[in-house]
Amino acid sequence: MLDIRRIYTNRLRQKKNKWAILGLLIFLVFVRISKGSLYKDFYYFISKPFWPGQFQREVIKNSVEQEFLIKFEQLKEDNKRLRSILSLQRVSESDTISAAVISRKNGTWWRQIILNKGSKHGVEVGNSVLGPGGLIGRVKETSFFTSSVILLTSTESKIGVWIDRLQIHGLMVGLGNDYPKLIFYTKNVDLKVGDFISSSPASTLLPPNIPIGVIKSVDEESKFKKTANVILLGKPQAIDWVQILKVKI
Amino acid sequence: MYKFFRANFFVISFLLIPVIFLWHPNWLGILGTQPYWPLFWLLPWSMINGSYNGFIVGFFLGLILDAISFSGSFTQIPGLILCGIWFGKFSEIDNVLVAHFRYGLICCIGSLLCGSLIFMQLFFKELSNNDFFLLLPSVKNIFTQVFITGFLAPFFCSQMFKIFKNLKEKKTFN
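Note that the protein sequences, when read in sequence, are chains A and B. All residue numbers for the first sequence refer to the working numbering, where the first residue is 1 and numbers rise by one. All residue numbers for the second sequence refer to the working numbering, where the first residue is 1 and numbers rise by one.
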C-alpha cells in the first residue's frame, strides 16, 4: 500500500516540476523580450520609500534660488554699468519712495489711487508707481501730502511698452476694465499668449525694464492693427503699499 | 454742537459726498463697481428743494467730484445737472413701500443717464481710433453701476429724505 502511494506522489511531483519549469521558462522569455521592464517597475515600487526626500529637494531648491540671485545681482550690475556707458536713464535705490494707498478707485470710470506721500516728500508729476509684481501707474497730480496715481487700466493711460520675446515696441491703452489693450500698428507681429511685457529700455518717461504684464489673449486680426489683451502683474485692487520711482534722465 | 450740526447738516453732508467718493468702500460694490454716491444725496435734496436748486447743487457737486477724480477725458457735470433738474420735479408720496422702490428706480435711471453721458464723452474722444475698444467695458461699467445704485438707493435716499424734510420743517416753524 505504502509503495503504491509513494509512486503516485512522485508522479505528481514530476508533473508539477514540469509545469514549474515551463512557467519559469515563459517568465524568462517574457523578461528577456520586455528587456527587464517588469523588474524595473518592481524596483520602482520597492525603492519608493528610500528616494531622496523633501529635505534634499529643499536644499537643491535653495541652492538654485541662491544661484539665480547671484546671477541676477551680476546682471543688474552689468546693466547699470552698460546703461551708464550708453547714458540711458537709470533708477537707484535712493530714488524710490514708499507710500501707502489711502484711497482706491479701481472700478467704473475712475481708475486711480491716492498715496500718502506728496510734494512735501519729493513726489513729482510723472513719477512711476510700482506695486508688488510691476508697474501699476503714473503720478498724475500731487498735493502737499498726497499724490494721485492714474492706473494703467484707466481710459486715460497710454504708454509705450516693450515685448521682450519679439524685441518690439507697442502701445498699451487702458480701457476702464482690468485688462488693458496692447496695440501694434502693423499686422506682421507674431504675438503669443504668455508673452512678457515690460517698460521700454529706451523710454524717457518710464524707468527701463520694469515688468508690466503678460499677454492674456490675442485678438483677431484687423486691417491695419494687431491687438491683444494684457493681464497686469501688479494688482492695484489688492495692494496697500507701493514704491514711487523717480526717473533720472 | 448738536445745534451747529443740525443747522449746517446740508453743508456737512454735501462735503461728505466727495469723502465717500474717495473712500470707495469695496464691500459696498459689485464687480469692483461702486454705486454713484452723489445721486443718493442729490435725489432727496432736489425733491425737497426743487429743480432750480437741484440744477445749482448738481453743478457744484460735479465741479467738486471732477476736481477730486482728475479725469481729463470726461466730466460729471452735465449728468449731475440734468439729474438735479429732473429729480426736482418729483414730489413726495405717502405710500412708504412705493416711495422706497421709487427711489431705487429713479436712481437707476439717473445712474444710467450719468453713465451714458460719460460714455458719450469717451466715445467722441476716442472716435478718431478705427477700433473702439472701450465699448464693452463701458457697457459693463454702466450696467453694474445702474444695478448697485438702484439696489442701495432705497436705504440711503429714504434716510436722507427724512433728515432733510425734518430739518426743513423745523426751520419753517422756527
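For the record, the hints were derived by calculation from the structure and aren't laboratory data. Don't take each hint at face value.
With a cut-off of at most 20 Å between alpha-carbon atoms, the simulated EDC-like pairs for lysine to aspartate or glutamate come out as follows [to be verified]:
id, chain 1, residue 1, chain 2, residue 2
1, A, K226, B, D66
2, B, K3, B, E169
3, B, K140, A, E73
4, A, K216, A, D164
5, A, K216, A, D190
6, A, K158, B, E126
7, A, K181, A, D164
8, A, K235, A, E220
9, B, K168, B, E92
10, A, K226, A, D164
11, A, K76, A, E58
12, A, K187, A, D219
13, A, K140, B, E169
14, A, K181, B, D66
15, A, K192, A, E156
16, B, K162, B, D66
17, A, K181, A, E220
18, A, K246, A, E65
19, A, K61, A, E73
20, A, K225, B, D94
21, B, K125, A, D164
message = Between the alpha carbons of K162 (chain B) and D66 (chain B), is the straight-line distance 20 Å or under?
response = 28 Å, violated
query = Would the pair K158 (chain A) and E126 (chain B) pass a check requiring their Cα atoms to be no farther apart than 20 Å?
reply = Roughly 12 Å between the alpha carbons, so the hint for K158 (chain A) and E126 (chain B) holds.
message = With the threshold set at 20 Å, check whether the alpha-carbon distance from K76 (chain A) to E58 (chain A) stays at or below it.
response = Violated: K76 (chain A) and E58 (chain A) sit about 26 Å apart, past 20 Å.
query = Are the Cα positions of K226 (chain A) and D164 (chain A) separated by 20 Å at most?
reply = Answer holds: K226 (chain A) to D164 (chain A) is near 17 Å, not above 20 Å.
ask   = Is K181 (chain A) close enough to D164 (chain A), meaning Cα to Cα at most 20 Å?
value = It holds: about 17 Å lies between the C-alpha atoms, which stays within 20 Å.
inquiry  = Given the hinted pair K181 (chain A) and D66 (chain B), is their Cα-Cα distance within 20 Å?
reply    = Given that 20 Å is the threshold and the Cα spacing comes to 26 Å, the pair is violated.
message = Hinted pair, alpha-carbon criterion (20 Å max): K168 (chain B), E92 (chain B). Please report holds or violated.
response = Distance of about 14 Å is within 20 Å: holds.
Pair hint outcome, K225 (chain A) versus D94 (chain B) [Cα-Cα no greater than 20 Å] = 59 Å, violated
message = Between the alpha carbons of K140 (chain A) and E169 (chain B), is the straight-line distance 20 Å or under?
response = 45 Å, violated
key: Satisfaction of hint between D164 (chain A) and K216 (chain A), Cα-Cα up to 20 Å   = Judged against 20 Å, a Cα distance of about 15 Å means the pair holds.
20 Å limit on alpha-carbon distance, applied to hinted pair K140 (chain B) and E73 (chain A) = 45 Å, violated
inquiry  = Check the hint pairing K235 (chain A) with E220 (chain A) against an upper bound of 20 Å on the C-alpha distance.
reply    = 27 Å, violated
Consistency with the previously given hints fails for numbers 1, 3, 8, 11, 13, 14, 15, 16, 18, 20 and 21, ordered from lowest to highest.
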